[in-house]
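Take the given structure of chain L and dock chain V to it, following the hints.
Chains as they are written, first to last, in my numbering: chain L, 4 to 359; chain V, 4 to 359.
Honestly, the hints are just simulated from the structure, not real lab data. Possibly wrong hints are sitting among the right ones.
Any copy will do: because identical chains look the same in the list, a pair fits if it lies in one copy or spans two.
DSS-like cross-link-like pairs, simulated, lysine-lysine; straight-line CA separation at most 25 Å [to be verified]:
{"hint": "1", "residue 1": "K41", "residue 2": "K115"}
{"hint": "2", "residue 1": "K345", "residue 2": "K136"}
{"hint": "3", "residue 1": "K126", "residue 2": "K148"}
{"hint": "4", "residue 1": "K348", "residue 2": "K121"}
{"hint": "5", "residue 1": "K308", "residue 2": "K181"}
{"hint": "6", "residue 1": "K295", "residue 2": "K188"}
{"hint": "7", "residue 1": "K308", "residue 2": "K188"}
{"hint": "8", "residue 1": "K110", "residue 2": "K70"}
2 protein chains.
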Amino acid sequence: MPVETISWKNKKVRLIDQTLLPHRFKYIICDDIRTLWKAIRTLQVRGAPAIGIAGALGVVLAANSSKAKRFGGFFKDLNRSIKFLASSRPTAINLFWALGRMECVAKANNDKPISEIKKILLKEALKIIDEDKASCRRMARYGAKLVKNGDAILTHCNAGGLATADYGTGLGVLFEAKRRGRHFKVYVDETRPMLQGARLTTWELMHDGIDATLICDNTAASLMEKGKVNKIFVGADRVARNGDTANKIGTYSLAVLANHHRIPFYVVAPVSSFDFRIKSGKDIPIEERDAKEVRSVLGRVIAPKNVKVYNPAFDVTPNELITAIITEKGIFRKPYVLSLRKLRKLGYRDENKRYR
Amino acid sequence: MPVETISWKNKKVRLIDQTLLPHRFKYIICDDIRTLWKAIRTLQVRGAPAIGIAGALGVVLAANSSKAKRFGGFFKDLNRSIKFLASSRPTAINLFWALGRMECVAKANNDKPISEIKKILLKEALKIIDEDKASCRRMARYGAKLVKNGDAILTHCNAGGLATADYGTGLGVLFEAKRRGRHFKVYVDETRPMLQGARLTTWELMHDGIDATLICDNTAASLMEKGKVNKIFVGADRVARNGDTANKIGTYSLAVLANHHRIPFYVVAPVSSFDFRIKSGKDIPIEERDAKEVRSVLGRVIAPKNVKVYNPAFDVTPNELITAIITEKGIFRKPYVLSLRKLRKLGYRDENKRYR
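Here chain L stands alone, though its shape is the one from the complex:
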């Protein structure tokens, strides 16, 4: 059963504080965009689709807080808030996609009363949530066909219910395969520094009764060499036009290792994670985060306090290392430059991305 990671409750945004899981389950209520911005920045809500939803609901909060009586003033308020929300995290494209879409909807209704536009914006944000749910289910159905009895699957970070409005991207595939009666086991990379694998993915898989085994990130290669892993499923924060994919730091490492051991490497991502404006992964901005995340583990210092740190939150996997990309519009394979052109025609609205 998917958890309700992020939702609209009593005119506020309610989200699970993912920094406290798995030991504490606690909701955060955001009734202003500063609180929401902080929730995104500090990873209380994370995962590309969930961040997109947070952005859309943030626009609703911003709209509702505007006291402007006319569209000009209202749109100026909205725009300022959208720019602020866009500054929370740079890599996952879903945030900019959702913010751009909300802005377009406001603009398209500029002739309506402000109170009406506010309702329309809420409706659009809820539609984004519904669409995300539906796309999770569709990706899962396509992906589940790739899971066979006896598989030993490796995953990295968290591409589950906590990263989306429903049951996830990479993990959604596994939940659906389980529902179809497939027997398989899953190895979970702990995913330093923020331990999304250890804290969130194991929690979700165990909750669903899936056989999950936690490993340190540096153990994946050894598992592959021993033949203990035969498929890899991960999510994505941004996919370029040529299929190059940004995802949590360590994903590129897995892709190279999978390639060396001839293990299929699958990316699962909704259309909202694609960025057709950029030619390749070189154009994806990679967030570098605070040294504290590496120098300490959940607040406990593990290294000399003043040691230098390099802490990129993401890396880019070149398309040639990706066996297939699973989307809600089907499974896409090499050459991605050609196959993703078809995807673009099927469901992509380019004009919605302007806040990168």
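Here is chain V on its own, set in the frame of chain L:
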């Protein structure tokens, strides 16, 4: 300056408790082999050469505690203790090498009074320490030639002064290069689960004024892809006849990644880490350690308490991924089956290894 990781003080073994570093510097005094066994098992002392020294000094403790008056009884006591010490950790060959060497020395002096044999055993253990110091220096001199100005070097785990009686294997090379005025920087893998890189290697490098940057284990591939690393130096826990090398979990991963990115991958190990009795890495027993090490970080639980864990302490890097092996007898290159045959003739005493 090397730290005195393990030494013989006032008829006892004194060692730095490495589980408390870098935050606390504390010595442990072992005056019985049970305390020493626990120190080895719990990684209070670790690193293949240092474990070998611990084993040798343990034999001295065991000898001194024997109340036997004749060689038969004395040797029986010694043998029991040696077997017990050998059960502390299975992978690093240096332990078995040192225990075997001490046993041979006892046997070779079976005609002498027990009190005399005890003195000879202490002398032999101190000789092992001196030899380790000398071999650290020699390895460092050979290896330092490979370090150039402007290098960006990656290392994994701790192959420094804390792993040996002097200034280390992999890190010894860097200390020597620094002493020779080379300018370079070092990236340090944190090395989950026990964080020897984050806790020990950064501490040693910073102490020596070497430019050190800490990264999570899963970040190494991304660094390589960006061209930010051009050489890798690691230690070894056991090297087989064909050059296959067991070292801290994650080393094999680095070797595959280095190979993909065409980055030289160097192993630095004294002759006491070679096991010529085994043909390949397949014969090296790999220690699996407690799930707690992965489920928690320095005592802080980071995952569901009952999650399954796979926690091998080592992996095996096949010889073809190793650019060169640096020993105190010189630098050895492919094909290792041939080059290591020469090393064997130069300084290896096969009969000393019987407690594996």
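Results of checking the hints against the structure:
1. Neither within a single protomer nor between protomers do K41 and K115 lie at most 25 Å apart by alpha-carbon distance, with minima of 32 Å and 76 Å respectively.
2. Only within a single protomer do K345 and K136 lie at most 25 Å apart by alpha-carbon distance; the minimum there is 23 Å, versus 65 Å between protomers.
3. Within a single copy, K126 and K148 get their C-alpha atoms no closer than 34 Å, and across copies no closer than 68 Å, so neither meets the 25 Å cut-off.
4. In this assembly of identical chains, the alpha carbons of K348 and K121 never lie at most 25 Å apart, being 31 Å within a copy and 84 Å across copies at closest.
5. For a Cα distance limit of 25 Å, the shortest separation of K308 from K181 across copies, 23 Å, qualifies, whereas the shortest one inside one copy, 44 Å, does not.
6. In this assembly of identical chains, the alpha carbons of K295 and K188 lie at most 25 Å apart only when taken from different copies (21 Å versus 34 Å within one copy).
7. With identical chains, the CA atoms of K308 and K188 are at most 25 Å apart between copies only, with a shortest distance of 19 Å across copies and 39 Å within one.
8. In this assembly of identical chains, the alpha carbons of K110 and K70 lie at most 25 Å apart only when taken from the same copy (17 Å versus 93 Å across copies).
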